[in-house]
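Protein chains in written order, with numbering that gives the first Met the number 0: chain A, 0 to 283; chain B, 0 to 428.
Certain hints may be false.
To be verified - Coverage of chain B stretches by chain A, computed from C-beta distances (three or more under 8 Å per stretch; other residues unrestricted): (1) 81-89; (2) 129-136; (3) 168-177.
It is worth saying that the hints were derived from the structure and are not from the lab. A virtual CB, placed ideally from N, CA and C, is assigned to each residue, including glycine.
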Amino acid sequence: MRNSTALASKSHSDAIVIRPSQGWMPLNLQELWAFRELIYFLTWRDIKVRYKQTVLGAAWAVLQPLINMLVLTFIFGNLARLSTDNIPRPIFTFTALLPWGLFSKALADAGRSMLTNRSMITKVYFPRLIIPLSSVLGGLLDFVIQFFILVGMMTYYRILPTHAVWTLPFFVLLALVTALGFGLWLSALNVLYRDVGYILPFLTQIWMLVTPVAYSARTVPTEYQFFYALNPMVGVVEGFRWALLGARPPEVLTLTMSSLISLAVLLSGMYYFRRMERTFADMV
Amino acid sequence: MSDIAIRVENLGKQYRIGAQSDDYPTLRDALTRAALYPFRVLRYGFPSQHETIWALRQVSFEVKQGEVLGIIGRNGAGKSTLLKILARVTEPSEGYAEIHGRVGALLEVGTGFHPELTGRENIYLNGAILGMKRAEIQKKFDEIVEFSGIEKFIDTPVKRYSSGMYLRLAFAVAAHLEPQILVVDEVLAVGDAEFQRKCLGKMSDVASQGRTVLFVSHNMSAILRLTQETIVLEGGRMLLRAPSSQAVDFYLSSGLSQSGEKRWQKQEIPAESYPFYPIALRIRNPQGKVVETVRSTEPIEVEVEYELASPIRGLRVGIYLLTPQGETLFTSFDTDDGEMYEKYSIRPAGHYLSRCLIPADLLNEGRYILGLNASVYRVKRYFHEPNALNFTVDSTGAPGKQWPEVRQGFFRPRLNWQIEKELYALEQA
Numbered sequence: 000m001r002n003s004t005a006l007a008s009k010s011h012s013d014a015i016v017i018r019p020s021q022g023w024m025p026l027n028l029q030e031l032w033a034f035r036e037l038i039y040f041l042t043w044r045d046i047k048v049r050y051k052q053t054v055l056g057a058a059w060a061v062l063q064p065l066i067n068m069l070v071l072t073f074i075f076g077n078l079a080r081l082s083t084d085n086i087p088r089p090i091f092t093f094t095a096l097l098p099w100g101l102f103s104k105a106l107a108d109a110g111r112s113m114l115t116n117r118s119m120i121t122k123v124y125f126p127r128l129i130i131p132l133s134s135v136l137g138g139l140l141d142f143v144i145q146f147f148i149l150v151g152m153m154t155y156y157r158i159l160p161t162h163a164v165w166t167l168p169f170f171v172l173l174a175l176v177t178a179l180g181f182g183l184w185l186s187a188l189n190v191l192y193r194d195v196g197y198i199l200p201f202l203t204q205i206w207m208l209v210t211p212v213a214y215s216a217r218t219v220p221t222e223y224q225f226f227y228a229l230n231p232m233v234g235v236v237e238g239f240r241w242a243l244l245g246a247r248p249p250e251v252l253t254l255t256m257s258s259l260i261s262l263a264v265l266l267s268g269m270y271y272f273r274r275m276e277r278t279f280a281d282m283v
Numbered sequence: 000m001s002d003i004a005i006r007v008e009n010l011g012k013q014y015r016i017g018a019q020s021d022d023y024p025t026l027r028d029a030l031t032r033a034a035l036y037p038f039r040v041l042r043y044g045f046p047s048q049h050e051t052i053w054a055l056r057q058v059s060f061e062v063k064q065g066e067v068l069g070i071i072g073r074n075g076a077g078k079s080t081l082l083k084i085l086a087r088v089t090e091p092s093e094g095y096a097e098i099h100g101r102v103g104a105l106l107e108v109g110t111g112f113h114p115e116l117t118g119r120e121n122i123y124l125n126g127a128i129l130g131m132k133r134a135e136i137q138k139k140f141d142e143i144v145e146f147s148g149i150e151k152f153i154d155t156p157v158k159r160y161s162s163g164m165y166l167r168l169a170f171a172v173a174a175h176l177e178p179q180i181l182v183v184d185e186v187l188a189v190g191d192a193e194f195q196r197k198c199l200g201k202m203s204d205v206a207s208q209g210r211t212v213l214f215v216s217h218n219m220s221a222i223l224r225l226t227q228e229t230i231v232l233e234g235g236r237m238l239l240r241a242p243s244s245q246a247v248d249f250y251l252s253s254g255l256s257q258s259g260e261k262r263w264q265k266q267e268i269p270a271e272s273y274p275f276y277p278i279a280l281r282i283r284n285p286q287g288k289v290v291e292t293v294r295s296t297e298p299i300e301v302e303v304e305y306e307l308a309s310p311i312r313g314l315r316v317g318i319y320l321l322t323p324q325g326e327t328l329f330t331s332f333d334t335d336d337g338e339m340y341e342k343y344s345i346r347p348a349g350h351y352l353s354r355c356l357i358p359a360d361l362l363n364e365g366r367y368i369l370g371l372n373a374s375v376y377r378v379k380r381y382f383h384e385p386n387a388l389n390f391t392v393d394s395t396g397a398p399g400k401q402w403p404e405v406r407q408g409f410f411r412p413r414l415n416w417q418i419e420k421e422l423y424a425l426e427q428a
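One chain only, chain A, in its complex shape (with noise of 0.2 Å):
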């Protein structure tokens, strides 16, 4: 009885109203940190499947970076030989193969999301933004795995990470940002106009092209590098190699250009995923 009494008196406060919704909706974050659990598990169930689904497992992690790096030291080092700063080339192309990596694979993911779990999204109630979320998040332990590789390569070409390590977060954070604004977009998208799904990866090969992954940002012409900078990747990658390999700083301009990009890319992003939201359910 005493039970039935606080029910009722309870539901009374949180009573759901459900109506029409018009125009811009309010982001309600308040609703998406109730739901942390949930962003949670999903982000654990990308990541266990993937490592259960393939044969090498984790070790894909490893692979990827490495078999990139041999390739891209191989061509832009013997082919192309475009500058790397003094800094010997693998270990150069790695560092910036890391942040890329997690971006470049948060992106498809986040891109893709919406229809890999539209069966969820067709029968549960949850906030949607939880979906492209937690995909970008499912990038991290790879990161992070591979993050242990570039500590062995430095002790190999006895590299010490410089005074500005402590800044790393803040670039991961960037990248992470960036992946999670761009992702947004493209899965909303995605879901009306399923042409996103072939858009991707041509978009993640011309953009790493011109993200200094496989050479030095100062290879580009000075009339270029403003709208360079207008990626936001060329701040982190530029940011990684400065943190830990001590290559030359990042322009503070660059920096601040790319997280005020990164920064209206999430925030445009997130408004107009709410906005499409309503019709996700019945669309996808």
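Given chain A, put chain B in place with the hints provided.
Just chain B now, with coordinates in the frame of chain A:
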């Protein structure tokens, strides 16, 4: 006021339909349409509204705390749309609903189950998706596993489960959800009889605990057993809200219950069936209405409509009756009878109807499948479709309904029992 759990006012949901504009629009379509838009406006004026349908319209009702409300209607009547709106999966296009209390929605069992994960992992994942806290799942974990009855396989990936095990586990998680308001869609329509009985048992537990339940089902006896009142939906509108026995009676006798007809399109018919062309297979109730749900206490008319493009010697057209598990209960042909066999030794070209009656008081409640066969014995099978039409038998008023139990078996005959009191035994006493 405070004892209202759900209030729905003029709720409506509109879906866009259209030949090309809806399903998977591509960027190209959007771009071409945007580019052509000015021309279109010049030619046809500003576009009127898209072609739309109302899946739900002007539905209003209230559910009190602790009330168990049934929702019935044929496929496409708007039941699932209504539940999806109340579960906040999709938004209404108009109207308003108010829900007091935490809602647990079971629009399907096993939402988010991943085949690669083990039973244990899926319990946590599915629980979280359904809105349970991790601590809550941990507390109920043993109970869930015990209810599912698959302790031995709890650390096996669910992709190795049989479909029955999968369902049992999925339902076990869902059954341990403890919302104040439970919204359940046709989850009981799956699984074997044993599983369904377990689900129904759990459902009536939930109902008796004073929680509010909205329950959609095609299973009329489940509706009658679990609910006090029932809403009948048709074409997105609410036709009736009445005490469940009245609502079920209305639904069954009004012929609303689903199509009960299988029509064959030209492209569905294989070339080798020439010259036999099936047109339709239907079942009718004694009032002659084509229905999906028939009463076990009434005869069921089965009708096969077909065309013969040229005469066939020795043709027999017949039906199979199968259980959902695919066991054949019987097979019967229109020329089984000796006289009919003589009369139709050659069946001329033309348009035909072959009809028969499945007698009253034969089938038990449940789902059945009708198959169609047209063949000449030992010569040729012209047409064969073992899974042509589904229908439901409702056992309201059948013998033994005074006991609200699920009767095992596929038949529910009205047997002529005699009870005799042995007089000499009395004399001896």
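Here is how each hint holds up against the structure:
| no. | hint | verdict |
| --- | --- | --- |
| 1 | 81-89 | holds (count 7) |
| 2 | 129-136 | holds (count 4) |
| 3 | 168-177 | violated (count 0) |
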